[in-house]
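Engineer: Each chain, letter by letter, is given below.
There are 4 protein chains.
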Amino acid sequence: MPFTTQRKVRFQHCDPAGIVFYPRYFEMINSVVEDWFEEVVGHDFNRLHVTSGTGVPTASIETQFHAPSRLGDWLEFRLTPLATGRTSLKLQVTACCGDQRRLTSVSTLVFVDLASGSPLPWPDPMRRHFAMDCQQGLHDA
Amino acid sequence: MPFTTQRKVRFQHCDPAGIVFYPRYFEMINSVVEDWFEEVVGHDFNRLHVTSGTGVPTASIETQFHAPSRLGDWLEFRLTPLATGRTSLKLQVTACCGDQRRLTSVSTLVFVDLASGSPLPWPDPMRRHFAMDCQQGLHDA
Amino acid sequence: MPFTTQRKVRFQHCDPAGIVFYPRYFEMINSVVEDWFEEVVGHDFNRLHVTSGTGVPTASIETQFHAPSRLGDWLEFRLTPLATGRTSLKLQVTACCGDQRRLTSVSTLVFVDLASGSPLPWPDPMRRHFAMDCQQGLHDA
Amino acid sequence: MPFTTQRKVRFQHCDPAGIVFYPRYFEMINSVVEDWFEEVVGHDFNRLHVTSGTGVPTASIETQFHAPSRLGDWLEFRLTPLATGRTSLKLQVTACCGDQRRLTSVSTLVFVDLASGSPLPWPDPMRRHFAMDCQQGLHDA
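Chains as they are written, first to last, in our numbering: chain A, 1 to 141; chain B, 1 to 141; chain C, 1 to 141; chain D, 1 to 141.
Treat each hint with caution, since some may be false.
Claimed, not checked - Distance ranges between label pairs, derived from CB positions:
1. R127(A) x G98(D): 57 to 65 Å
2. D99(A) x A115(C): 33 to 41 Å
3. D99(A) x C97(D): 41 to 49 Å
The set of hints was computed from the structure by calculation and includes no laboratory data. Beta carbons: idealized from backbone N, C-alpha and C, even for Gly.
Based on the sequences and whatever the hints tell you, model everything.
Structural biologist: Next up, the structure:
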């Protein structure tokens, strides 16, 4: 089952055209990845970054914005892992308002040592959650 | 000649890992597009949005982050128009710090009527600047 | 009873020092005021701004930051109306993490016509909610 | 002489009412303090935070917003140190657009050790710059 979570379009997200300013979507997408790491992968970002001295920077991200979102809209975000590499992870994040798809994003994260910036192999306990999820992602697709 | 402009990596752009939080790059990219519209295309965003009731929402954007940027880095942004459609415009934006490429982004903007959200054909005075620039972009490539 | 709501300290709120970058607190405070207008006053920000062509800009705000907040902290925000003027409203917003007070903020909002920027008297249905809340605020204090 | 620097009101700063969203002013104010530390005090934020393991969190800030700022406005920010304590510093920051004052802000920063969060006495080379500036501030007032 993909991971889903809700976000409300707030005043702080909207531009003078009255719609979400697209850089704010990336803050929302990052917060969805953050929730998924905490709730599904079992590593919250505080433990990941502060305690463990590791990080998950985004190496690339491709996003289509299908329709604008407006102040007060409730967006359902859905995260599906697509593929796991030795040190990387490919994720799809989508957002819908009711039946309308608002965005589709595919990103690649890399697990790194913060001090050196070098990629690290995913620890097995984390990888296990990606793998299960990827399999489910395929079944769901 | 591509359009270039400088941005400094500030405290507000950096995350607990001490590097630029990637959604902040999209604020910078948007500000570069804003400067290009004002200085090259000859339509500032105030005139475009407020006076004319039009907008240039981003329909899609693909970005690779090649290397992290740190507090105090000076980034040189370079904007090159790649292709003009009847109502759309494809742009490449890159950022370098010295000799090191930090990001490469390709986005598609659409010219729209803000009230209806419908795409509008680019006015000729704007299109002329895109065309010249696209040609130059090809010569430079 | 003051209005309370929770906010989680996310990656996007934190600076290279690993603590909340104070401008992000103001985004949180604004979102708390937004929720209070929707849930208590009965006017959501979309209706207020887009449908009615009015706004509630902040005229002044004083904030003390008592202790830093860190990635992953859950903050309980509490909003108490302090005083109502003909066109203005004085609010206190506090945030605590467990027993520890993190910030205390007092702001003055003004109800304005967006087109002219001129202050407007609060409509009675809105004012009634402020008054009730102010009274409760006094009883609670 | 107070320290002055310019900021342009950009699309990213503006809200659906078409004026600067006040939390974005605090990002601008912080960037002005950042420039002043680098250009006047002689300690850039990278050296201050990353190399030295110190920080200058804001302990309190009071701000009046006198008039709204709009997309495309150029704001002149002016920073004047008001008073220096053993571990703290009181600053005034104002912003004007032409002859019109837009905001007045008074904040107190504290010099801290990032690891422990404890206040530190300002190093003499930094303090000397505050003192000179405060004196000038008094003469200017």
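Engineer: Run every hint past the structure and note whether it holds.
Structural biologist: Verification of the supplied hints:
For R127(A) and G98(D), the Cβ-Cβ distance of about 59 Å falls inside the hinted range of 57 to 65 Å, so the restraint holds. The given range of 33 to 41 Å is respected by D99(A) and A115(C), whose C-beta atoms sit roughly 34 Å from each other. In this structure the supplied range 41 to 49 Å holds for D99(A) paired with C97(D), their Cβ-Cβ distance being about 45 Å.
The structure meets every hint from the earlier list without exception.
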